[in-house]
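Asker: Just so you know, the sequences run in chain order L and V. If you count the first sequence from 1, position 305 lands on 305 in the UniProt record's numbering, and the numbers rise without skipping. If you count the second sequence from 1, position 123 lands on 123 in the UniProt record's numbering, and the numbers rise without skipping.
It should be emphasised that the hints constitute simulated quantities derived from the structure, not laboratory data. Everything numeric in this text was worked out from a predicted model, so none of it was measured. Just so you know, not all the hints are guaranteed correct.
[To be verified] The list that follows gives simulated cross-link-like pairs (lysine-lysine, DSBU-like), each with its CA atoms no further than 35 Å apart:
| hint | chain 1 | residue 1 | chain 2 | residue 2 |
| --- | --- | --- | --- | --- |
| 1 | V | Lys-63 | L | Lys-315 |
| 2 | V | Lys-19 | V | Lys-190 |
| 3 | V | Lys-11 | V | Lys-126 |
| 4 | L | Lys-28 | V | Lys-132 |
| 5 | V | Lys-23 | V | Lys-283 |
| 6 | V | Lys-121 | V | Lys-63 |
| 7 | L | Lys-108 | V | Lys-129 |
| 8 | V | Lys-248 | L | Lys-126 |
| 9 | V | Lys-206 | V | Lys-242 |
| 10 | V | Lys-81 | V | Lys-202 |
| 11 | L | Lys-108 | V | Lys-55 |
| 12 | V | Lys-23 | V | Lys-63 |
| 13 | V | Lys-235 | V | Lys-206 |
| 14 | V | Lys-250 | L | Lys-313 |
| 15 | V | Lys-96 | L | Lys-132 |
| 16 | L | Lys-132 | V | Lys-129 |
| 17 | V | Lys-248 | V | Lys-62 |
| 18 | V | Lys-96 | L | Lys-315 |
| 19 | V | Lys-268 | V | Lys-239 |
| 20 | V | Lys-25 | V | Lys-62 |
| 21 | V | Lys-249 | L | Lys-126 |
| 22 | V | Lys-284 | L | Lys-316 |
[As the list claims (entries may be wrong)] Per the computed footprint, the stretches of chain L lying under chain V, defined by three or more beta-carbons under 8 Å from a beta-carbon of chain V, are:
| hint | segment |
| --- | --- |
| 23 | 125–135 |
| 24 | 233–245 |
Just so you know, even glycine gets a beta-carbon here, dropped at the ideal spot from N, CA and C.
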Amino acid sequence: MAAMRVEEMLAAAEEQEAEKRRSITVEKELELEFDLGNLLALDRNPPPAAGLRGAGPRREALLRALARDNTQLLVARLWELPAERAGGAGGPLVARLPEPAFRLPREKPPPRPRPPTRWEQFARLKGIRRRKRTSLVWDEQAKEWRRRWGYRRAGGDPARAWLAEVPENADPEEDQFARLRREKRERVARNELNRLRNLARAHRAGTAVPAAPLHPTGHQSREELGRVARVARVSTASLGRFQPRLPKEPAEPPSRSGGKKRRFEPLLGNLAAERSRQLDLLRDMGSKKPVLDITRAVNKQLRQEEAEAAAAKGKKQSQRGKRGRRQQRAGR
Amino acid sequence: LTCCYRKPKTKRAKRFLEKREPKLKENTKNAMLIKGGNANLTVTEVLKDIYAVKKPFAVLYKKKNITRPFEDQTSLEFFSKKSDCSLFMFGSHNKKRPNNLIIGRMFDYHILDMIELGVEKFVSLKDVKNSKCPEGTKPMLIFAGDMFDVNEEYRRLKSLLIDFFRGPSVPNIRLAGLEYVLHFTAVDGKIYLRSYKVLLKKSGCKIPRIELEEMGPSLDLVMRRTHLASDDLYKLSLKQPKALKPKKKKNISHDVFGTTYGRIHMQKQDLGKLQTRKMKGLKKRPAEKSAEDGGASPKKSKSA
């Protein structure tokens with residue numbers, strides 16, 4: 001009888017031990033903070049200092065128990081994340097991690113946005129948006145889909161073009177093939193020049209050179225030369241008022257404030273100028289012709305409206321595109 | 001691209017330079033592990049073990065470099081620029097500071113933070129005779145102890161350690177592959193770093209029970225000198241470009257229980273024209289309709 005009760009008690013104790021070993025709950029005073037994007041857990045509870053003071057295996061055991069508890073909590077959180085089977089039904093279980101929340105400093109400063117190129121500025125003004133081109137084009141002659149450019153392009157190899165039509169207003173003696181080759185070379189050179197100019201503009205904007213002196217080796221741009229000439233004119237004792245001028249330069253030196261302040265003529269000065277001004281005014285008021293150029297004003301207004309409409313449509317398009325992409329990703 | 005000394009002439013060189021230029025979403029930070037002029041065996045072993053943990057995002061320099069990071073930082077910055085590493089660990093040993101480890105990070109190839117730690121006890125990977133986990137596993141990081149929040153230097157140290165051991169930032173992770181955990185405990189002015197291999201045991205439910213096995217380097221560290229970045233430089237380095245900020249969707253709100261609410265704005269509805277369910281029995285019969293209309297010509301009834 002006693003033996004059976006002892007057995008029962010032992011069995012119950014065994015079961016309890018097994019239960020404890022299998023349990024996944026952990027008791028903590030303060031909740032841990034988790035950053036699952038970094039697989040990070042922060043435990044604010046003060047560790048038992050008394051146990052950890054003495055060196056040796058006891059300390060290791062305590063540290064290990066603490067680590068086990070914390071890891072259990074972290075793994076429990078990670079297992080709660082939305083998971084799916086990667087690579088079909090038999091693949092490993094993969095959890096999707098959120099974005100890392102803990103703010104860490106960057107390695108390098110964020111890149112500076114480069115200024116728009118001349119074409120980009122024009123396109124924004126006109127409301128021209130980039131149309132995505134298909135990579136393959138239907139070739140009628142070959143009756144199949146061919147590349148737009150490159151090896152075996154649609155429209156045949158341009159190097160083997162054996163016919164060049166003479167346009168109507170061209171010189172009959174001129175070599176058309178040579179002309180085509182020359183024009184292609186010029187086009188390529190012009191594109192390259194524009195590309196380098198855009199790069200230089202971006203580089204200049206990036207490392208803004210405030211009021212440096214002239215570039216020594218001849219790569220002076222028009223603005224740079226103008227700026228330096230202006231500064232040189234004004235750097236005299238009388239601030240540039242008596243400097244000799246070129247025949248076509250404006251008579252009066254440009255104002256220092258850049259034209260922001262209004263300048264008024266003296267009251268009693270040039271009587272002839274005053275008289276002619278008043279008479280001109282009367283003539284404009286009396287004439288039937290409108291002072292406003294209607295066509296120019298209308299064109300300007302149309303362009304402005306176009307640009308606004310394009311901007312609004314572009315914003316909506318990009319929003320829709322982004323939303324569509326985001327939805328796609330969420331559904332995956 | 002760099003327009004400083006040389007423009008790249010090959011595509012490979014161009015790719016190399018593009019990898020190093022500042023980007024919106026940055027590369028994983030590389031670490032360089034350097035030995036000082038008087039590094040001893042302990043410190044060398046520590047560096048080798050950390051290299052094993054951080055492979056392939058670390059470079060271990062074999063030769064000794066005679067520099068003092070706290071006095072002169074130019075040589076470290078030069079190394080960082082050459083090898084494109086923004087984290088570093090420098091090991092040295094002298095009578096005043098035995099078994100010294102300087103751990104630090106860079107911003108724009110200039111030193112941001114540097115913290116000097118002394119190694120009091122070190123158990124290497126080789127000394128612990130257990131099975132190890134594969135190279136390049138993303139470790140789980142756990143920081144225990146209230147010192148990591150209370151003390152400013154410890155807070156920076158925590159940020160530095162997370163940055164150092166974090167590894168690449170991944171969107172998904174294989175749940176069975178969570179094998180490595182680094183546990184930092186701050187107690188009594190000392191920091192205990194322990195690494196364990198995680199064993200997932202069966203438990204009653206979906207979440208496995210964790211058992212830990214001691215593996216890998218374990219260090220007892222004590223904090224010595226620090227060279228922390230000034231507040232504004234630190235704030236500047238934390239700044240993220242606006243494009244990376246997650247776009248906030250308007251008209252969506254969440255409540256405490258995790259339910260997502262959306263708001264739709266509609267115009268005023270004409271309730272007379274509302275489409276309700278069609279009840280054929282209630283439809284007006286043609287006779288009734290004509291009586292109402294006052295004797296208008298009855299239309300042919302469509303229904304049979």
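Asker: Go through the numbered hints given earlier and state which of them the structure violates, listing their numbers in rising order.
Answerer: 1, 2, 3, 5, 7, 9, 10, 13, 15, 16, 17, 18, 19, 22, 23, 24
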